[in-house]
Amino acid sequence: METPEQTPLTAAPAAAAHSIRLKIFGVGSAGVNMLEPMAALGLPNAVLAAVNIDAASLLNSGAPEKISLETRLTRGLGTGGDPERGRAAAEQQMAALKAACAGVDVVFIVAGLGGGAGTGISPVLAKAAKESGALVLGFVTLPFDCEGNRRRQQAEEGLEYLKEAADGVICLPNQKLFKLLDENTSVLDTFRHSNELVVEGVAAMSRLITSKGLIEIHFADLCAFLREHQGESCFATVEAAGPTRSREVIDKLLSHPMLDSGKALTDAGAVLVSLIAGTDLTMAEINRVMEHINSKCSRAQVMMGAAVDPSFQERLSVTIVAARQALPAAAKIPAFEREGEHRVEAQEFDTQLHKTPTPRVQSRFVPPAPALTPEKMEQLAGRQAGASRGRKTAPRMRQTQLPLEIVSKGRFDKSEPTIHKGEDLDVPTYIRRGIALN
Amino acid sequence: MFDSSTIIVGLEIGTSKVCAVVGEMNAEGTLNIVGLGQSRSRGVRKGEICDAPKAEEDIRNAIVEAEQMADVEIRSVYLGVTGGHVRGFNNRGVHPVVSADREISEDDVQDVIKNAKTINLPAQNHVIHAIRQHFLVDGQDGITNPVGMLGSRVEVDVHVVHGHLNRLQNAIRCVKGLQLEVDEIVFTGLASSLALLTNEQKELGALVIDIGGGTTEYVVYADGVIKHVGVLAVGGDHVSNDLAYGLKVPLGRAEQLKIEQGSAVVSEDCKGQILTISNEIGLEMKKINLENLRRIMALRLEEIFQLIAQDLESAGLVDYLRAGVFLCGGGSRIPEIAKLAEEVLEMPVTIGKTNSISGLKSALDQPEFATAIGLVKFGSFQQRKRGAKPSIAEGLKNTFGQLFRRP
Chain A
1 METPEQTPLT AAPAAAAHSI RLKIFGVGSA GVNMLEPMAA LGLPNAVLAA
51 VNIDAASLLN SGAPEKISLE TRLTRGLGTG GDPERGRAAA EQQMAALKAA
101 CAGVDVVFIV AGLGGGAGTG ISPVLAKAAK ESGALVLGFV TLPFDCEGNR
151 RRQQAEEGLE YLKEAADGVI CLPNQKLFKL LDENTSVLDT FRHSNELVVE
201 GVAAMSRLIT SKGLIEIHFA DLCAFLREHQ GESCFATVEA AGPTRSREVI
251 DKLLSHPMLD SGKALTDAGA VLVSLIAGTD LTMAEINRVM EHINSKCSRA
301 QVMMGAAVDP SFQERLSVTI VAARQALPAA AKIPAFEREG EHRVEAQEFD
351 TQLHKTPTPR VQSRFVPPAP ALTPEKMEQL AGRQAGASRG RKTAPRMRQT
401 QLPLEIVSKG RFDKSEPTIH KGEDLDVPTY IRRGIALN
Chain B
439 MFDSSTIIVG LEIGTSKVCA VVGEMNAEGT LNIVGLGQSR SRGVRKGEIC
489 DAPKAEEDIR NAIVEAEQMA DVEIRSVYLG VTGGHVRGFN NRGVHPVVSA
539 DREISEDDVQ DVIKNAKTIN LPAQNHVIHA IRQHFLVDGQ DGITNPVGML
589 GSRVEVDVHV VHGHLNRLQN AIRCVKGLQL EVDEIVFTGL ASSLALLTNE
639 QKELGALVID IGGGTTEYVV YADGVIKHVG VLAVGGDHVS NDLAYGLKVP
689 LGRAEQLKIE QGSAVVSEDC KGQILTISNE IGLEMKKINL ENLRRIMALR
739 LEEIFQLIAQ DLESAGLVDY LRAGVFLCGG GSRIPEIAKL AEEVLEMPVT
789 IGKTNSISGL KSALDQPEFA TAIGLVKFGS FQQRKRGAKP SIAEGLKNTF
839 GQLFRRP
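Chain order of the listed sequences is A and B. If you're matching positions, the first sequence starts at 1 in this note's numbering and goes up one per residue. If you're matching positions, the second sequence starts at 439 in this note's numbering and goes up one per residue.
Heads up, a few of these hints could be off.
[What the hints assert, rightly or not] Derived lysine-lysine pairs resembling DSS-like cross-links, with alpha carbons at most 27 Å apart:
(1) B:Lys-455 / A:Lys-409
(2) B:Lys-640 / B:Lys-614
(3) B:Lys-492 / A:Lys-409
(4) A:Lys-421 / A:Lys-263
(5) A:Lys-409 / A:Lys-252
(6) B:Lys-640 / B:Lys-492
(7) B:Lys-640 / A:Lys-414
(8) B:Lys-777 / A:Lys-414
(9) B:Lys-823 / A:Lys-409
(10) A:Lys-263 / A:Lys-414
(11) B:Lys-492 / A:Lys-414
(12) A:Lys-409 / B:Lys-724
(13) A:Lys-409 / B:Lys-686
(14) B:Lys-709 / B:Lys-455
(15) B:Lys-725 / A:Lys-409
(16) A:Lys-263 / A:Lys-252
(17) A:Lys-176 / A:Lys-66
(18) B:Lys-552 / B:Lys-823
(19) B:Lys-640 / B:Lys-791
(20) B:Lys-640 / B:Lys-823
(21) A:Lys-414 / B:Lys-552
(22) B:Lys-777 / B:Lys-640
(23) B:Lys-696 / B:Lys-686
The set of hints was computed from the structure by calculation and includes no laboratory data.
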């Protein structure tokens, strides 16, 4: 999958420090919609491009560059919520996508996952961009829980594919928005808010990359950061002005719902902090903010950057990207296939991995894996290879971690849990204390 | 009210049983227990009602039984409340004495108590009790009654017990649904301590632990007043649940094993013993290691005591408990539980006796009835207080109130 000329570490120096050409692709209807507030923000050095299958949505978009992926496959009807169609359409027009990415150093892909276009096209676009030598960052939203199982599943699959294809993905589960908004918020406002959050993130990231840094985060570092921590990352941007701005910023950060009131920081494996302020930024302020963040996430590897932007008179803006300690999912989708036949294969994988298994009562007992004889292993490996004929690289084998087993609470299952200093007292004591019964 | 004796009923809606105790207070103010009714509780989890229709049925059964035994009609009850949401804290009220001669009057005392009871609590919380502790006059501590003393500033400490209003209302509504009045709601831990402790023990300092089915309440007395209360939403149900889980037996069987084979300590002689469980027709079903059973129980009970010990330590009350620890509730029937508690709390532990009340002695002196008896005792205090100063206006209000209360 990775040929040397595509790795970020070699690409980064080529993108000489401050003349980075940035292109932001809005993919799918949601993505195209998100471009509009971005255009209004007027990000320097960034070119906006809208990519969609549905020609009508492109017509309404004010993006300077539009790529329509309309094909015979979709018969002018959009994808009908099927990511396979989106992907097929994108693959047909791979050349056009690559051409759009030519000469660009960094590509941001902005999409709402869960539907057909955004979910299907984004991974293909990411791959195209990477092949044309750009670095790819994805900013995606995950659907609300109420949008249904299917969309969630599609979104999760899409996210996995995108993570494989892109250098880094930052995702915003829309469900978390509920904490941000009050009950009377209209649907339109809710989605607008979700878009705003993504736009904030994109803007902060692009500033991080393009602004002249006091304390710079090297572009290569950023990519390495996102690559290493491919777990779900969440981000928060807060802003404050006035003499007490550093303190306000900290308060806002620690109460930010996207960070689960600071919990995300505690759990984070790596944290990236970017401070941007006007020319009056003092070292003491940076110090204060960083001290607080460091004390919150003692386990995490913290990376910080500070930049001065004259347009930020008196304001201080802090963006945090917190990547959770990477927990490799038990069934990781193999690396995105390079060419040909992948559609069929992907479908196979879907049936293999993503059909919801028959629901079963959670059992504490996990049987040990049967021991494999060398012949058996060979046989299994052979079968797998047979299934993925034509693939040039085998899926990366990774040591996976089993999910934490959840102990059933018996008769207290449905009642309010008794939590005492973080311990659930409904769970038998001997289990919590790890005492083995013979 | 107009009879020579007054009927006082305590009703406890517990997790494992509903219990109604009828007490009769004669004109001299002595209290006699004349009736008791109980019923298995099915609609309660962790001390709070989760299935109102079932709970209502159980309450009715218990009340009817008590009525039959005491041969009275029950109109109103003192209702015991508990649950993990109940908390207590100490609060202090201050009042300046403004009279010219600086003598503290009865009004000053009422005012300072009122001040102490004004507490900043979230709107959904309801104060169950504000129990008076000691007065301070100009900073001098330990005054029980400041009326008639000279001073410029009276302060009073109160212990406030509060809970979640809606969750307290659930129990009240259930009782009201049966056309019964609720005289007052009483924290069950407080009620148990009233039933168990004598005045000397309260003065010395004592800890009462009521291990119920779904909750464990504890109350600390020191210097004759309540200093601390607490509720853990963990009780005998948890022990059964742990056993069911750990031994892989049904819950009913676990309950039975707990009662028949349970113990709070893992003794040497149970090691390696195997119990054979047979089903109803006598076929062998399962073999169970007695040591495991006791270990599961011991760990859970030990944890309960440890949590209490931690709480007392952080409240700084451990050194005040000179009379020791008194256990009650169904959980105190577990063999050797006093020994376990002694080990954890490092204090003398006894199973409490409800000996501070007369009548029906042998039948009532069971640790699980302590709460209901305590409720009656609480009621008798309230009645005595009410009986003490029957002003005419008050009397009329009560009379008419009584008339109009029941449609």
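Tested hints:
A hinted pair counts as satisfied when its Cα atoms are at most 27 Å apart, and Lys-455 of chain B with Lys-409 of chain A qualifies at roughly 22 Å. For the hint pairing Lys-640 of chain B with Lys-614 of chain B, the CA-to-CA distance comes to about 34 Å; that exceeds 27 Å, so the pair is violated. For a cut-off of 27 Å, the pair hint linking Lys-492 of chain B to Lys-409 of chain A stands: about 23 Å separates their Cα positions. For the proposed pair Lys-421 of chain A and Lys-263 of chain A, the alpha carbon gap of about 15 Å is at most 27 Å, so the pair holds.
For a cut-off of 27 Å, the pair hint linking Lys-409 of chain A to Lys-252 of chain A is broken: about 37 Å separates their Cα positions. Of the pairs offered as hints, the one joining Lys-640 of chain B and Lys-492 of chain B is violated, with about 38 Å between alpha carbons and a cut-off of 27 Å exceeded. For the hint linking Lys-640 of chain B to Lys-414 of chain A, the alpha-carbon distance of about 39 Å lies beyond 27 Å, and the restraint is violated. This hinted pair does not check out: Lys-777 of chain B and Lys-414 of chain A have alpha carbons roughly 34 Å apart, beyond 27 Å.
A C-alpha spacing of about 46 Å is found between Lys-823 of chain B and Lys-409 of chain A, which places the hinted pair above 27 Å, so the restraint is violated. At roughly 26 Å between alpha-carbon atoms, Lys-263 of chain A and Lys-414 of chain A fall within 27 Å of each other, so this suggested pair holds. Restraint check for Lys-492 of chain B and Lys-414 of chain A: satisfied, since their Cα atoms lie roughly 17 Å apart, inside the 27 Å limit. Only pairs whose Cα atoms come within 27 Å are accepted, and Lys-409 of chain A paired with Lys-724 of chain B is accepted, the gap being roughly 22 Å.
At most 27 Å may separate the alpha-carbon atoms for a hinted pair to count; Lys-409 of chain A and Lys-686 of chain B meet this at roughly 13 Å. For the proposed pair Lys-709 of chain B and Lys-455 of chain B, the alpha carbon gap of about 33 Å is over 27 Å, so the pair is violated. With a C-alpha separation of about 23 Å, the suggested pair Lys-725 of chain B and Lys-409 of chain A falls inside the 27 Å cut-off, and the hint holds. A C-alpha spacing of about 14 Å is found between Lys-263 of chain A and Lys-252 of chain A, which places the hinted pair at or below 27 Å, so the restraint holds.
A distance of roughly 31 Å separates the Cα atoms of Lys-176 of chain A and Lys-66 of chain A; the hinted pair therefore is violated under the 27 Å criterion. Of the pairs offered as hints, the one joining Lys-552 of chain B and Lys-823 of chain B holds, with about 18 Å between alpha carbons and a cut-off of 27 Å not exceeded. Taking the CA atoms of Lys-640 of chain B and Lys-791 of chain B, the gap is near 14 Å; set against the 27 Å cutoff, the hint holds. About 20 Å separates the Cα atoms of Lys-640 of chain B and Lys-823 of chain B, which keeps this hinted pair within 27 Å; it holds.
Under the criterion of a C-alpha separation no larger than 27 Å, the hint pairing Lys-414 of chain A with Lys-552 of chain B is inconsistent with the structure, at around 41 Å. Of the pairs offered as hints, the one joining Lys-777 of chain B and Lys-640 of chain B holds, with about 22 Å between alpha carbons and a cut-off of 27 Å not exceeded. Distance restraint check for Lys-696 of chain B and Lys-686 of chain B: the Cα-Cα separation of roughly 14 Å lies within the 27 Å cut-off, and the hinted pair is therefore satisfied.
Going through the hint list in order, the structure does not satisfy hints 2, 5, 6, 7, 8, 9, 14, 17, 21.
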